[in-house]
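Asks: Model the full assembly from the supplied sequences, consistent with the hints where possible.
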Amino acid sequence: MKYLIVEDFSGQPVPFVFPRRVDHADMFEQLPYGKVISAGYVVLGPSGFECFGGNAELEVKSRPQEDAAVLAEALRVRPADEKFRSEQ
Numbered sequence: 288m289k290y291l292i293v294e295d296f297s298g299q300p301v302p303f304v305f306p307r308r309v310d311h312a313d314m315f316e317q318l319p320y321g322k323v324i325s326a327g328y329v330v331l332g333p334s335g336f337e338c339f340g341g342n343a344e345l346e347v348k349s350r351p352q353e354d355a356a357v358l359a360e361a362l363r364v365r366p367a368d369e370k371f372r373s374e375q
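First residue of the sequence shown: 288, per my numbering; consecutive thereafter.
Just to be clear, a hint being listed does not mean it is correct.
In silico lysine-lysine, DSSO-like type, Cα no more than 27 Å apart, as pairs [said to hold, decoys possible]:
hint, residue 1, residue 2
1, Lys348, Lys322
2, Lys348, Lys289
3, Lys322, Lys289
Please keep in mind that the hints were generated in silico from the structure rather than gathered at the bench.
Replies: Laid out in structure tokens, this is it:
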């Protein structure tokens, strides 16, 4: 998968994960945010998310450890998620 981490309106990092066939720049054009913090590729390895690469057109690189932490935080299970899943 590919990913972008953009800065939201409050300055917080927001990750977007999308298929490899979609170009980083094309995906960024669809988002309502103005600043790309990092971009690259992500896989889920035995020890968690592994981020690598970058995008020349957007002039950004991955930040392997920082980006993996942002993705892990965004995708972690929260109490509200558990409640929602039990209602299904």
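Asks: Could you tell me which of the numbered hints above are not met by this structure, giving the numbers in increasing order?
Replies: none
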